[in-house]
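A.B. asks: These are the residues of each chain, in order.
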Amino acid sequence: MPMSWELQEAWTHVQARLTGEIMVDASLIPWLRGIVGLVLIGGLFGAGMAAIWIERKLAGDIQERYGPNRVGPMGIFQLVADAIKLFTKEDIIPKNVDKLLYVSAPIIIMGSIFLMLVAIPIGAVYINGVEYPLVVTEMDISVLYIEAISAISVIGIFVLGYGQNNKYAMMGTFRNIARMIGYELPLGITIVSVAIMANSLDIVEIVNSQNPLWFAILQPLGFVIFFIAMVADMGRLPFDQNEAEEELQAGVFTEYSGMRFGLAFFSEYFHMILGSFLISLLFLGGWNLPGFITNNFILGLILPTAFLVAKATIVMMFIIMLRWALPRFRIDQVVDLSWKRLLPLSLINLGWAMALGIYLGV
Amino acid sequence: MSGIIETTNIINSYIPVAVFLIVSLLMPPMTMLIVKLLSPRSRGAEKYSTYESGSIPTGPARIQFNVEYYLYAIAFVLFDIEILFLYPWAMVYQGDTGVSTTLAVIEILIFIFVLLFGYVFLWKKGALEWIR
Numbered sequence: 001m002p003m004s005w006e007l008q009e010a011w012t013h014v015q016a017r018l019t020g021e022i023m024v025d026a027s028l029i030p031w032l033r034g035i036v037g038l039v040l041i042g043g044l045f046g047a048g049m050a051a052i053w054i055e056r057k058l059a060g061d062i063q064e065r066y067g068p069n070r071v072g073p074m075g076i077f078q079l080v081a082d083a084i085k086l087f088t089k090e091d092i093i094p095k096n097v098d099k100l101l102y103v104s105a106p107i108i109i110m111g112s113i114f115l116m117l118v119a120i121p122i123g124a125v126y127i128n129g130v131e132y133p134l135v136v137t138e139m140d141i142s143v144l145y146i147e148a149i150s151a152i153s154v155i156g157i158f159v160l161g162y163g164q165n166n167k168y169a170m171m172g173t174f175r176n177i178a179r180m181i182g183y184e185l186p187l188g189i190t191i192v193s194v195a196i197m198a199n200s201l202d203i204v205e206i207v208n209s210q211n212p213l214w215f216a217i218l219q220p221l222g223f224v225i226f227f228i229a230m231v232a233d234m235g236r237l238p239f240d241q242n243e244a245e246e247e248l249q250a251g252v253f254t255e256y257s258g259m260r261f262g263l264a265f266f267s268e269y270f271h272m273i274l275g276s277f278l279i280s281l282l283f284l285g286g287w288n289l290p291g292f293i294t295n296n297f298i299l300g301l302i303l304p305t306a307f308l309v310a311k312a313t314i315v316m317m318f319i320i321m322l323r324w325a326l327p328r329f330r331i332d333q334v335v336d337l338s339w340k341r342l343l344p345l346s347l348i349n350l351g352w353a354m355a356l357g358i359y360l361g362v
Numbered sequence: 363m364s365g366i367i368e369t370t371n372i373i374n375s376y377i378p379v380a381v382f383l384i385v386s387l388l389m390p391p392m393t394m395l396i397v398k399l400l401s402p403r404s405r406g407a408e409k410y411s412t413y414e415s416g417s418i419p420t421g422p423a424r425i426q427f428n429v430e431y432y433l434y435a436i437a438f439v440l441f442d443i444e445i446l447f448l449y450p451w452a453m454v455y456q457g458d459t460g461v462s463t464t465l466a467v468i469e470i471l472i473f474i475f476v477l478l479f480g481y482v483f484l485w486k487k488g489a490l491e492w493i494r
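Chains V and B, in that order, are what the protein sequence lines are.
For the first sequence, the working numbering begins at 1 and goes up steadily by one.
For the second sequence, the working numbering begins at 363 and goes up steadily by one.
No lab work stands behind these hints, which were simulated from the structure alone.
It should be emphasised that the depicted structure is a prediction, and the values quoted were computed from it without experimental measurement.
Glycine residues also receive a C-beta, built at the ideal position from the N, C-alpha and C atoms.
Don't take each hint at face value.
Claimed, not checked - What follows is a list of derived Cβ distance ranges for each label pair:
hint, chain 1, residue 1, chain 2, residue 2, range
1, B, 418, V, 93, 18 to 24 Å
2, B, 492, V, 205, 35 to 41 Å
3, V, 63, B, 377, 46 to 52 Å
4, B, 399, V, 128, 47 to 53 Å
5, B, 483, V, 322, 30 to 36 Å
6, V, 296, B, 463, 40 to 46 Å
7, B, 384, V, 290, 37 to 43 Å
8, B, 491, V, 35, 47 to 53 Å
9, V, 130, B, 486, 51 to 57 Å
10, B, 408, V, 341, 45 to 51 Å
As the list claims (entries may be wrong) - Restricting the straight-line Cα-Cα distance to at most 25 Å, the calculated cross-link-like pairs of lysine-lysine (BS3-like) are:
hint, chain 1, residue 1, chain 2, residue 2
11, B, 409, B, 398
12, V, 95, V, 85
13, V, 99, V, 89
14, B, 409, V, 85
15, B, 409, V, 95
16, V, 99, B, 409
17, V, 89, B, 409
18, V, 57, V, 85
19, B, 398, V, 89
20, B, 398, V, 95
21, V, 85, B, 398
This is chain V alone, in the form it adopts within the complex:
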């Protein structure tokens, strides 16, 4: 893009300031990073609301009805109205529940989701050809960290179900735990096979190592396994036996109402967004597009993040549409799928990744 001389001068000045002073210094102060990260996560709250709106709109389209269309243009403020409604609902704690567990369960679930957000890059910027990933904290082991933290949400769900002293909730919890521990194994093994190819457990490294070829192309089997296991892990519809409405009322959320339900429900959507980001980061090349290199300042600032968000949105919309395309599985089918199909297949994929890794001489 041809620019006039003064503008170019101004840009180099801005770039120098950004890279030389503010950017570098700010990225070295961990407290500041944490607080800036919180602002980014505030943006993700908006994304969570958008996800619920997209889900309701898509559901409407698939079932040939309108979906939300009264509050604001195309019903886009429906979620704001819903949030106001949740805030003005009475906070009911039933008298038979275990109060400590009842109150702490949404905190545990929210906490596990928040702690996962810390290590997930939500984009990247290129400045002068140098890449700065937009991630709250940089660790060597971010995939392992996310894998470990996501196990906490299983405890959260158990506390949620056990504290309510309700039969539906208890059944939902049993099913949920049987499902989640089953899918943790193929998930872990596919993450190892990704880490083998990238020779790193750092998500940023993993994204960088799939610059010409995405891991979805190098390990198609691993991609399918990871996708299924991730959908199961977030409890989306073919796998939502924990809150099967037709059998278990609201499943694990039966005794929850008002904002406490809202918190747990919202963290589920957060989990879906995180899962879509993780799928696109580990297998769909993250912020890379094959052959895309830019030295342009503005494009480098915007496009990588836009690629990642676009990929994650497409994955998320696919998961949402899956909900209306597939019937819910029975719990024994779900458990069989993970233990008897996905686990051996993921071991085969591990062998494939090993062989390919040695062949390519990563």
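Assemble chain B onto chain V, guided by the hints.
C.D. replies: Positioned in the frame of chain V, the structure of chain B alone reads:
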């Protein structure tokens, strides 16, 4: 992959985690406080009772669960620990840390073979069958 990792770097990369932990612990109680200020309150014995499709709840909900859940849980713990061993292995097997690649691959194949042996044993014993 740097060979030597400084302790301060590790601590620095986990300080944002601490910030997020504190915020995630504070956020739900704060939200509930706002709800408490905004929401109406009314009394009634019925609405604090446990939901059981409209009938009066009988018996405790915390029953003993089926043994099949324990079998899955034990199998899960075994396999999960074995998978955890794969993570450090995946980082060193390619030889840039002085480990012989051939040896590392043979070792991990033996390891996976043992894992598979236990898996086939579990399957044949019927521990992976969902009892209806």
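A.B. asks: Confirm or reject each hint.
C.D. replies: Each hint tested on the structure:
1. Separated by about 20 Å at the C-beta atoms, residue 418/B and residue 93/V satisfy the suggested range of 18 to 24 Å.
2. Evaluation of the 35 to 41 Å hint for residue 492/B and residue 205/V yields a pass: the beta carbon distance comes to about 40 Å.
3. Checking the proposed 46 to 52 Å range against residue 63/V and residue 377/B shows it holds: the Cβ atoms sit about 47 Å from each other.
4. The beta-carbon spacing between residue 399/B and residue 128/V, approximately 50 Å, falls within the hinted interval of 47 to 53 Å.
5. Evaluation of the 30 to 36 Å hint for residue 483/B and residue 322/V yields a pass: the beta carbon distance comes to about 35 Å.
6. Distance hint check for residue 296/V and residue 463/B: the Cβ-Cβ separation is about 41 Å, which falls inside the suggested range of 40 to 46 Å.
7. Distance hint for residue 384/B and residue 290/V: a CB-CB separation of about 41 Å, consistent with the stated range 37 to 43 Å.
8. Here the CB-CB span from residue 491/B to residue 35/V is close to 51 Å, well matched to the stated 47 to 53 Å.
9. A hinted range of 51 to 57 Å holds for the C-beta pair residue 130/V and residue 486/B, which are about 56 Å apart.
10. At about 47 Å, the CB distance of residue 408/B to residue 341/V agrees with the hint of 45 to 51 Å.
11. About 17 Å separates the Cα atoms of residue 409/B and residue 398/B, which keeps this hinted pair within 25 Å; it holds.
12. As the CA atoms of residue 95/V and residue 85/V are separated by approximately 24 Å, the hinted pair is consistent with the 25 Å bound.
13. This hinted pair checks out: residue 99/V and residue 89/V have alpha carbons roughly 19 Å apart, not beyond 25 Å.
14. Proximity of residue 409/B to residue 85/V is assessed by CA-CA distance (about 19 Å); at most 25 Å being required, the pair is judged to hold.
15. Between residue 409/B and residue 95/V, the direct Cα distance comes to roughly 9 Å. Compliance with the 25 Å bound is thereby established for this hinted pair.
16. Distance hint between residue 99/V and residue 409/B is fulfilled; the C-alpha atoms sit about 16 Å from each other, no more than 25 Å.
17. Proximity of residue 89/V to residue 409/B is assessed by CA-CA distance (about 14 Å); at most 25 Å being required, the pair is judged to hold.
18. Distance hint between residue 57/V and residue 85/V is fulfilled; the C-alpha atoms sit about 20 Å from each other, no more than 25 Å.
19. About 9 Å separates the Cα atoms of residue 398/B and residue 89/V, which keeps this hinted pair within 25 Å; it holds.
20. A hinted pair counts as satisfied when its Cα atoms are at most 25 Å apart, and residue 398/B with residue 95/V qualifies at roughly 18 Å.
21. As the CA atoms of residue 85/V and residue 398/B are separated by approximately 13 Å, the hinted pair is consistent with the 25 Å bound.
Checked against the numbered hints listed earlier, the structure breaks none of them; every hint is satisfied.
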